[in-house]
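K.L.:
The hints should help you fit chains V, F, S, G and C onto chain P, whose structure is shown.
So you can see what is in the structure, the chains are spelled out below.
Number of protein chains: 6
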Amino acid sequence: MKILVINPNTTASMTDHIGKAALSAASPGTDITAVNPVHGPRSIEGYFDEAMSLAGLLETIHRNPDCDAVVIACFDDTGLDAARCLTDKPVIGIGEAAYHFASMISNKFSVVTTLARSVPALEHNLARYGLIARCARVRSSEVAVLELEQPGSNARQKISAEIGLAVAEDNAEAIVLGCAGMAGLAADLAAEHGLPVLDGVTCAVKLAEAMAGLGMRTSRLGGYAPPPAEKLKHIFPAG
Amino acid sequence: MKILVINPNTTASMTDHIGKAALSAASPGTDITAVNPVHGPRSIEGYFDEAMSLAGLLETIHRNPDCDAVVIACFDDTGLDAARCLTDKPVIGIGEAAYHFASMISNKFSVVTTLARSVPALEHNLARYGLIARCARVRSSEVAVLELEQPGSNARQKISAEIGLAVAEDNAEAIVLGCAGMAGLAADLAAEHGLPVLDGVTCAVKLAEAMAGLGMRTSRLGGYAPPPAEKLKHIFPAG
Amino acid sequence: MKILVINPNTTASMTDHIGKAALSAASPGTDITAVNPVHGPRSIEGYFDEAMSLAGLLETIHRNPDCDAVVIACFDDTGLDAARCLTDKPVIGIGEAAYHFASMISNKFSVVTTLARSVPALEHNLARYGLIARCARVRSSEVAVLELEQPGSNARQKISAEIGLAVAEDNAEAIVLGCAGMAGLAADLAAEHGLPVLDGVTCAVKLAEAMAGLGMRTSRLGGYAPPPAEKLKHIFPAG
Amino acid sequence: MKILVINPNTTASMTDHIGKAALSAASPGTDITAVNPVHGPRSIEGYFDEAMSLAGLLETIHRNPDCDAVVIACFDDTGLDAARCLTDKPVIGIGEAAYHFASMISNKFSVVTTLARSVPALEHNLARYGLIARCARVRSSEVAVLELEQPGSNARQKISAEIGLAVAEDNAEAIVLGCAGMAGLAADLAAEHGLPVLDGVTCAVKLAEAMAGLGMRTSRLGGYAPPPAEKLKHIFPAG
Amino acid sequence: MKILVINPNTTASMTDHIGKAALSAASPGTDITAVNPVHGPRSIEGYFDEAMSLAGLLETIHRNPDCDAVVIACFDDTGLDAARCLTDKPVIGIGEAAYHFASMISNKFSVVTTLARSVPALEHNLARYGLIARCARVRSSEVAVLELEQPGSNARQKISAEIGLAVAEDNAEAIVLGCAGMAGLAADLAAEHGLPVLDGVTCAVKLAEAMAGLGMRTSRLGGYAPPPAEKLKHIFPAG
Amino acid sequence: MKILVINPNTTASMTDHIGKAALSAASPGTDITAVNPVHGPRSIEGYFDEAMSLAGLLETIHRNPDCDAVVIACFDDTGLDAARCLTDKPVIGIGEAAYHFASMISNKFSVVTTLARSVPALEHNLARYGLIARCARVRSSEVAVLELEQPGSNARQKISAEIGLAVAEDNAEAIVLGCAGMAGLAADLAAEHGLPVLDGVTCAVKLAEAMAGLGMRTSRLGGYAPPPAEKLKHIFPAG
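Chains as they are written, first to last, in full-length UniProt numbering: chain P, 1 to 239; chain V, 1 to 239; chain F, 1 to 239; chain S, 1 to 239; chain G, 1 to 239; chain C, 1 to 239.
Chain P extracted, bound-state conformation (with noise of 0.2 Å):
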C-alpha cells in the first residue's frame, strides 16, 4: 500500500520529520511518500497561509495519482474537500484523524496548537466535523510552527504547561497535538500527564491503511462530485 503524505509548506525539513513519524505509525508492507509543494508559504499558521498553500497542495495530488490513499499533514486540514473532489482515494487531513480517535478514547478533548492566530479555524474545522461538541478547548501554546524545529527553544515546555492547564480547567480527558510539527512529542506528553495524547500524523496514517485497506472510496456525488475532464486540463496543464 501507498500513502501519500503532504506537508504543504515548502519547508523540507519538517517535510522530512513528518515523513518519519508517518512511516513510524505505519504497518509493514505500507509506504510512504512524503512531499511538499515547491512553492507556497514556509509555514501555515492561518488562514491566509491555508489560502495560499492550496493551489501547491492540490498540483502535488494530481501529479502523483499512483497512491491508494493521501494524507495532508498540516493540522489544519488545509484543502481536504478540495482535495477530495480531485482524488476518489481516501483523503485524510491530520486534524480531523486525531479529532476522530480522541473521540473514541475519551468524553472530552482538548487541542493544544501553535498561534492564536490559528485557533479559529481549528475552532471552524471541528464544527464542520460535527466533533466541536466533543473538544473542549482550542489551546494555543504561542509556539510557532517553525519554533518547533528549533533545538534549543523551549516550545515543549510551553506545550507541556498548556496541557497541565487543559486537564485542569478544561476537565479535558485526552489532549490532541495542533500541528504536524509535534508529532514526536505526543509519548513523552501522556506520560508525564497520564492521559491520551494525540499526533495527527501516526492518526492520519493509520486512517489511511484502514481505508485504503477496506477498499474505500470517496463519494463522487454531490459535493465531492469531480470536476469536468477539460477543466481539470484548463487549470493543470499537461507538462
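In short, the hints are calculated from the structure, not lab data. One or more hints might be untrue.
Note: identical chains are not told apart, hence a pair may lie in one copy or across any two.
To be verified - List time: in silico DMTMM-like cross-link candidates among lysine to aspartate or glutamate, alpha-carbon distance up to 25 Å:
(1) Lys231 / Glu147
(2) Lys158 / Glu192
(3) Lys233 / Glu59
(4) Lys158 / Glu169
(5) Lys233 / Asp188
(6) Lys231 / Glu142
(7) Lys2 / Glu59
(8) Lys233 / Glu147
P.N.:
Just chains V, F, S, G and C now, with coordinates in the frame of chain P:
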C-alpha cells in the same frame, strides 16, 4: 493482534455471520474472536433490548481480558461507554465506526436500519458523537433483525429501495447500513446504487486494528475512570 | 394514586432516605412505594454502574405493575428509555424532573453532583433532553454517593462551596442537586445561598402525580414501542 | 391552592372555555380563577397580537397577587419572561407545559397549531426552551383561533387531518395541540389516532399545582430580578 | 431618505443623545427623526421593561408611516418581530445591527452591556438570530442605563475594564457595546484597546440606509404577515 | 468611496455583468471597480474551483490597496477569511451579505443556487456564519454558472420553478439567489412570486458602503491577524 468481536444478542448464527464479516476485513496477523453472551435478548431492537443485553455484554468483556481491542457488534453501540470504563483497550462500536468513516468520504450520509423502533436510539447516538450534523436521515426499512438471517426474505429488496429514497430525497452521498446483520450486503448495494455503502462490522475491525496498532488506550480520567476494584469484585465475583 | 419509586442501587438505607423524601413531597392520597433491586451495584457513579443496574431496575418495574407512575431515583436517569418501553405508565427520572422544573424558574441553572466521573453522563442526558442550553455547568463536589449517608462527613460543606462557585462563576440563577442522596439538603442550601435549590426526588414525585393525574401514557409508537410478548417472556420468565 | 389562569386575549367566551378545561384538570382543593384583560387583541395570532396583549396581561398579574401560581393560557406563552420578573410565584405557559410533558412520553412530538403566521413564534419558543430538538415539526391547520369557538366550523376535521400527516410524515410519537382554544379536543383525537395528544391548559394547571405544592419560587437573581419598586409604581400607579 | 429612530423608553435626554449619534452616522440626504413614546418605562433593563414599552413603541411606528426605515434604538431589540408585522419598511434593531457587523469583522466578539438582569435577554436574541455562535460572551458592566447620562459617573471606566477582560479571557476580537446610551464611547474605547468597538445606533442607521437604498421590504408571508385591517383598527383606533 | 468588486473566476463577461449590477446598487459618489484574476477557473462550482481561485483572488486584493472596501463576488464567499487577514478594509462576500439581509426581513429564507455540487459548500458557510438556523433549505436549480450568461437558456424558468417549491415546501418567507450570475433576475422573480428575492451583489455593495461609511476595520487580533511582512513579501514578491 487479537480483536474480541462481541455480538451482544444471543443468536449464535448471527455471531457466526458477524465473525465472518470481521475476518474478511482483518489484516493478516489479526486474530478475530467472535462471541456472544449466553443470556439476554435474541435480537436487539430498541432501548429495552439494549438495556437487557448489557450485563451479558460487559461480563463477556470482563472474562476476556486477553485481547488488544474490543468491537461491539450491534449497530446501537450498546454499552459503549460502560465498556470503556471496564477496559482501557480501545472499544469500538460498529455504528460509531461506520459514522466516522462515512463522514470522511461524503458531505452527508443516510442510515438505513431495521425497524422504526430503533431509529430514536440511533439518532441519539449520532447526536452524542456529534456526527448528526453529517447525517441526512436515519431510515427504517421495516426489516426485522432476524429476518436478515432468513433465506428467501425480501430484506435485500426493501433495503435497496430505501437506499434509492435516501439518494433521491435526502441527497445522501453515502449510505451506512444500520445493522450488524446487513454486513454481507454492502458491496453489492454500493455497485447497484453507485455510491459508498458502509457496513459497521468491517469498519470497526479496521478502526480496532488502527487504534491497537498505535497503542492507543482509553482515557482513565473523568467519565471513563475504571470502577474501583472492590466494586468490580462485587459485580463480577470470581469463578 | 400509587407511585413506585425505584432506587436502582442496592443500598437499602439510601432507599429509605429516598422514600422519606418522596413521601414528604407526596399529596395526601398518594401512596409511595420505595424499593431497590436485590442484585447490582451498591452505588451508581458513572457509566459502568448505570449499565450494571439496568437488569435489576427493569425487572423491578416488570414485577410491580400495580402502580400509576414510576420514578427512577438515580440522578443519571438510569434506564429511562428502556423503562418507557416496558410500561406505558409515566416513567420519570429524578434528573430529568429537576432539569425541567429548573428551566421554568430560572434562565440558567447549574448542577452540583458527586464525583467527576459522573459529569459526562449528566451532560449527555442534558443534551439528549434538549435542556443543556439552559444549564450553565455541571459541577462535581467530589463527594462520593455513600459519603452522603455518613454522619460527620463534610459533604454538605463541599456542596455548599460548589453552589457558591456556581453563582459567582456561572451566573447560575438556580441550582440542581445532582444525586438522590442529597434530597434532604435542598431547603437549607436554598436559604443559605438565596436562590432556588432543586432536589430531583421531590420534583419527580410531583411530576408523577401531575402526569398520572392527567391520565397521561407514554406513546406506544416509535422508539417506546413495547417489546413483543414472547421476547418479554424470554427475558423475564414467570415465577 | 389558588391558580390564576389568564387568557391574554379579550374574548370572554374563550376565557370561559379555558376556565372549564383548567377546572377539569384541577385537583380537589385547587381553586381556578380564569380571567382576561379588558383591553387588547381579541385573539392572539402572531407577534403583533402577542406584543399588544402584554400590558393587559402583566397588569392582570399585578392586580391579582393573591394566588399560588399563574398560568398564561395562550399557546405562544405570551409575556412569560416578563411575568416571571413581576412575581416570584411559579408562572407557567401552556405551550411550555405541553412541550415539557410531551418530551417525557415520546421521543419526538409534532405541534398542530392554528395559522401559519403563528408558526415562527412557536419555533422560537421551542428553541428558547431547548425542546426544539424534541419537536419534529410545527404544523399549521389553517384554523383561525376564533373559528374554534364557532359551532359548525370544520376545525376539528382540519386538525385531525394534520395529526394524520404528523404521524405519517414526521414520525411524531405524540401531538401537542397548539392553541388554548383546542382544549376540549385532546381526548377524542388521541383515541382516533392512537397516540398521546396533549392540551396545554390541562398540562399547565397540573404543573402549577406541582410547583406550588413544592413551594417553588422563581429565582430573583439575574434575568428574572424584580423591577425596582419605584419603577413598578410608575408603571402601575395605585388605584 | 427618512429614518425613524425610536427610543422605546420615555427618557427624552436619552432620545436626544441617540438622535445625535444617529445623525453622526447618517449620509448626506438622510433625515433622522428621533422620538420616544409618551408612556412606558424610563429605562429598559430586562424583560419586564421590554414588555411594558411595546404598546408605546408600536403605536409610535403606527402613527409615523411617513418614513423609509425604522430603527429600534434599544439594545434588547424590543418588539422587533411585532414591528415587522406592522410595517413592511425595513425595521432594524440596534443590537441586531451591531451583531451582524461584528460578525463580519471578527471571528468572535463579546458584548459589554449594562446590568446583569439584561444578559439573558441579549443571549436569547443572539441565539434567535443565529449569531450566538459568533459571540464569545455577554458581559455586564453593572452600569445602569441612566447612569450613562450622568456626568461624573465612572461608567466609562467600568465599561473599559470589562472590555479588557473580554480580550484577555474571551479572546474577543471585537466588542459590541450593549446599550443605546453608550453610543458616544465607541471610538475612544476602540483606540484604547486596539480592536473594533461597535455601537448599535450608528450600525443600525447605516443598515437602514442600505436596506432602504435597495428598496428592500419585509416579507409579508408567514410570521411577519400584517395583522388584518379590522384588528389594527380595533387596537389603534383613529384619532 | 471606492469599492473593489472581485469576480474570482476568470470569465470577463461575467465580471462585466457583476460590475453593472454593483453599479446599479451603488450610491452617487461610490466608485465601483470590477475585476477578475487572470489565471484560475472559468467558473466556480464547488470546492475544487474555490480552492484553485484563491491565489488569483488574494493577489488581486494585494495589488489593489487603493480602495475603501472589497466585495468578493462569488456566492461561495471564496477566500473570505484569508482576504480579511490581507487587508483591514471591510471585506464582504456576496453570499454572506444576502444571508444577513434576508435574516432581517424574514423569519426563514431558502437559497436557490446553481448545481448540486455547490450545495454543501453553501450549507457549510451558513453554519459557519451562524445563519443556518434562519435558512430553510439550500436548493439547486441545476443551472450551470455559465449557462446564466447564455441567451436562450431556460435558466430563469428553472430558477423560478425552484422558488415556487421553496415557498410551497419550505415555508420560505424570502429567497436568496445563490450565484453572482443571477444578479439581474431578482426584481422580476420577486414580483412573480410575491416575496423578497435577494441578490448578493447588490446586497454586498450596500453593506460595503455602510461599513466603509462607518470607518469600520477588520480586527487585527486573533484569526484575522495579518501575515508577517516577510511572509507577505515571499508570497507576493514585488513587481
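K.L.:
Evaluate Lys233 and Asp188 at a C-alpha cut-off of 25 Å and name the case that applies: within, between, both or neither.
P.N.:
neither (47 Å within a copy, 33 Å between copies)
K.L.:
When Cα atoms must be at most 25 Å apart, do Lys158 and Glu169 count as within-copy, between-copy, both, or neither?
P.N.:
both (16 Å within a copy, 19 Å between copies)
K.L.:
What label fits Lys2 with Glu59 when the C-alpha limit is 25 Å: within, between, both, or neither?
P.N.:
within (18 Å within a copy, 36 Å between copies)
K.L.:
First find the shortest C-alpha distance between Lys158 and Glu192 inside one copy, then the shortest across copies, and answer within, between, both or neither for a cut-off of 25 Å.
P.N.:
For Lys158 and Glu192, the Cα distance is within 25 Å only inside one copy (14 Å; across copies 30 Å).
K.L.:
Are the CA atoms of Lys231 and Glu142 at most 25 Å apart within a copy, between copies, both, or neither?
P.N.:
between (41 Å within a copy, 18 Å between copies)
K.L.:
Could you figure out if Lys231 and Glu147 sit no more than 25 Å apart (CA to CA) within one copy, between two copies, both or neither?
P.N.:
between (40 Å within a copy, 15 Å between copies)
K.L.:
Pop the pair Lys233 and Glu59 into one bin, within, between, both or neither, using alpha-carbon distances up to 25 Å.
P.N.:
both (12 Å within a copy, 23 Å between copies)
K.L.:
With identical chains treated as interchangeable, where does the CA-CA distance between Lys233 and Glu147 reach 25 Å or less: within a copy, between copies, both, or neither?
P.N.:
between (39 Å within a copy, 20 Å between copies)
The structure does not agree with numbered hint 5 stated previously, though it agrees with all others.
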